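Participant: Just need the whole structure built from these sequences, with the hints factored in.
So the protein lines, in turn, are chains A and B. Numbering (the numbering used here) for the first sequence: 18 to 352. Numbering (the numbering used here) for the second sequence: 22 to 232.
FYI, nobody ran anything at the bench for these hints, they're computed from the structure. Keep in mind it's a predicted model, so treat the numbers as computed, not measured. Here a beta-carbon is modelled for each residue, glycine too, at the ideal position from N, C-alpha and C. Each hint should be verified, as a subset may be incorrect.
[Stated by the list, open to error] A few chain A residues that don't get close to chain B, going by computed Cβ distances all over 12 Å:
no.: 1; residue: L112
no.: 2; residue: E120
no.: 3; residue: S125
no.: 4; residue: L199
no.: 5; residue: I351
[As the list claims (entries may be wrong)] Simulated crosslink set (DMTMM-like; lysine to aspartate or glutamate; CA at most 25 Å straight-line):
no.: 6; chain 1: A; residue 1: K305; chain 2: B; residue 2: D200
no.: 7; chain 1: B; residue 1: K58; chain 2: B; residue 2: E71
no.: 8; chain 1: B; residue 1: K29; chain 2: A; residue 2: E295
no.: 9; chain 1: A; residue 1: K178; chain 2: B; residue 2: E36
no.: 10; chain 1: B; residue 1: K29; chain 2: A; residue 2: D176
no.: 11; chain 1: A; residue 1: K271; chain 2: B; residue 2: E205
no.: 12; chain 1: B; residue 1: K70; chain 2: B; residue 2: D90
no.: 13; chain 1: A; residue 1: K110; chain 2: B; residue 2: E71
no.: 14; chain 1: B; residue 1: K143; chain 2: A; residue 2: E99
no.: 15; chain 1: A; residue 1: K226; chain 2: B; residue 2: D139
no.: 16; chain 1: B; residue 1: K26; chain 2: A; residue 2: D171
no.: 17; chain 1: A; residue 1: K307; chain 2: B; residue 2: E205
no.: 18; chain 1: A; residue 1: K307; chain 2: B; residue 2: E73
no.: 19; chain 1: A; residue 1: K271; chain 2: B; residue 2: E67
no.: 20; chain 1: A; residue 1: K93; chain 2: B; residue 2: E146
no.: 21; chain 1: B; residue 1: K29; chain 2: A; residue 2: E225
no.: 22; chain 1: B; residue 1: K70; chain 2: A; residue 2: D348
no.: 23; chain 1: B; residue 1: K183; chain 2: B; residue 2: E205
no.: 24; chain 1: A; residue 1: K45; chain 2: A; residue 2: D176
no.: 25; chain 1: A; residue 1: K278; chain 2: A; residue 2: E260
no.: 26; chain 1: A; residue 1: K110; chain 2: B; residue 2: E141
no.: 27; chain 1: A; residue 1: K232; chain 2: A; residue 2: D176
Here are the chains, one letter per residue:
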Amino acid sequence: MERVLASLSFQKVDRVPTFLLLVAQGAKELGVPLKEYFKNGENISAGQERLQKKYGHDVYYPFTYAAIETEAMGQKVGQSPEGYSFAGPPLIKNLSEIYDLKEVDPNSSPILERVFVAERNLKKIADGKIPIVGVVMSPLSIPVMQLGFENYLDLIQTDEKSFDALIEYNTKFCISYANAQLEAGANAICYFDPMASPSMLPRWFYAEKGLKIAKRVLSQIQGPAAIHLASGITDGIAEELKESGSPLLGFSCKENISAMKKSFGNKMALLGNMNGIEMRTWDSETTKKKVSAILAEAGESGFILSDNHGEIPASVPEIVLFEIMECVKNDAAIR
Amino acid sequence: MINYKNIKGFLLQNEILFAENELNSLSNQYDKIAIVKELVVPLLDEAGKEWEQGLLSLSQVYMMGKFFDGWFSLNLVDETFVGQSSAKLALAVFEDHHTLGKKIVKSVLNATGYFHQDYENKNSEQLIALVIKDEIEIIMLSSLMLHSALRISNFTNELQKKNLPTKVLVGGAPFRFDDHLWVEVGADGTSADAAGVIPLIERFSISRGQK
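Facilitator: Rendered as structure tokens:
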């Protein structure tokens, strides 16, 4: 915990804090089918505890799947043959339904209760030593699942009133879900906002709307919240991101670390930026090369090593994860 | 080459009416084949590359494809008018509900006169049956989630087992982050942007003696 806080405060650290954002791997650790793993919070906390002991990284991450929030709103969730859950058909089929969306109290949702159970358990296990990071989807990004991507883009283009109404609904939910997780035991929140990225929407859109949404939410979350663009680039919205009030930014593998460090200075620490999809094909030597290159640019503080998407695929070999931690320890020895 | 700078500028500023007027004016000066080959294809190709470079957003690329798709359907363009390729084409989302990528490719195909089947969201077994029934020669598969993308190998393996000659083109976020993923799943090609499927279709059509 001290290591993470020190890095976020731009103080020198003993080694670069490392967030291995492992999710489905917990099921394998427990020997539980993935379909069953996410069904209860006890599994999730037990999985996170085992993973942290195994690899020695610096976070508990009780994330389940992105669609858990829209599932709590009533959306059907599909499951792949392997057991991965994903958003089913759109929750909102006609725009008029936006005005009839029922408010969801996260604390009364049996869907979300599994996350709170995991966080309560992890709080006891962590005993203040390892940060517990909960996840929320931003009001700007969750409509991709609520409406379907192209319907959402059409909405943005054609119906400002309905867009504003949907954002209002999502903002209330996001704030209450984030605070419920902090109440349950999370120390910080990861605010996933891929639609903030200029990869997705024009730069001016974030400046005009996305930033306002982020500032409103982050100012009402009762704890620190990182902004994560889930592989999306930040180029062109750095000034707006710095204005958000968030201390930490999850950034893309496509971005240059030195340029990012220069751009964000000590306004925002950086979280990234290993390519989780590519990591599936890494061997020991490739891992050493890639991670060493990142650590060489990480500097003495203000950096947390992680993948760039917010979840390391389960198909990344264990040897890669062990090697990442080995690189971090070796890097510390020569600092 | 037709100068498309004005249209592009109007579209990027969301001035749809001005873009329509400009396109209407140009279509009075040039025949539809020229409009497709010298305006639509290079403009969408340029937009796709600019998206890859971080200069345009996905929403802008989507909107451009949708604009041309809409214009062509309003102007009642015959589905075979361009006759670019007589290869039997299909597209689908593979075991996924995220349809934007397929939608953008569909707009490009519609706007450039490539007739195709749209199989919506299908799994491997369903696609094999459809590919056989419709004698599909080139199928374009889109996937946003890594675990769906990896399962495309089930489909390509099945094509091989059944000795079906269908070429498989893949696209979607996972393929943009791993240059070799398309090879890993047994596909025949990939494109980082929607307009990039056109040269791939041309290439496979030529190699199959379609031209």
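Participant: Would you mind marking each hint as holding or not holding in the structure?
Facilitator: For each hint, the structure was consulted:
no.	hint	result
1	L112	17 Å, holds
2	E120	25 Å, holds
3	S125	27 Å, holds
4	L199	29 Å, holds
5	I351	30 Å, holds
6	A/K305 with B/D200	20 Å, holds
7	B/K58 with B/E71	19 Å, holds
8	B/K29 with A/E295	35 Å, violated
9	A/K178 with B/E36	20 Å, holds
10	B/K29 with A/D176	23 Å, holds
11	A/K271 with B/E205	22 Å, holds
12	B/K70 with B/D90	19 Å, holds
13	A/K110 with B/E71	32 Å, violated
14	B/K143 with A/E99	17 Å, holds
15	A/K226 with B/D139	35 Å, violated
16	B/K26 with A/D171	24 Å, holds
17	A/K307 with B/E205	21 Å, holds
18	A/K307 with B/E73	23 Å, holds
19	A/K271 with B/E67	20 Å, holds
20	A/K93 with B/E146	23 Å, holds
21	B/K29 with A/E225	23 Å, holds
22	B/K70 with A/D348	38 Å, violated
23	B/K183 with B/E205	19 Å, holds
24	A/K45 with A/D176	45 Å, violated
25	A/K278 with A/E260	16 Å, holds
26	A/K110 with B/E141	17 Å, holds
27	A/K232 with A/D176	23 Å, holds
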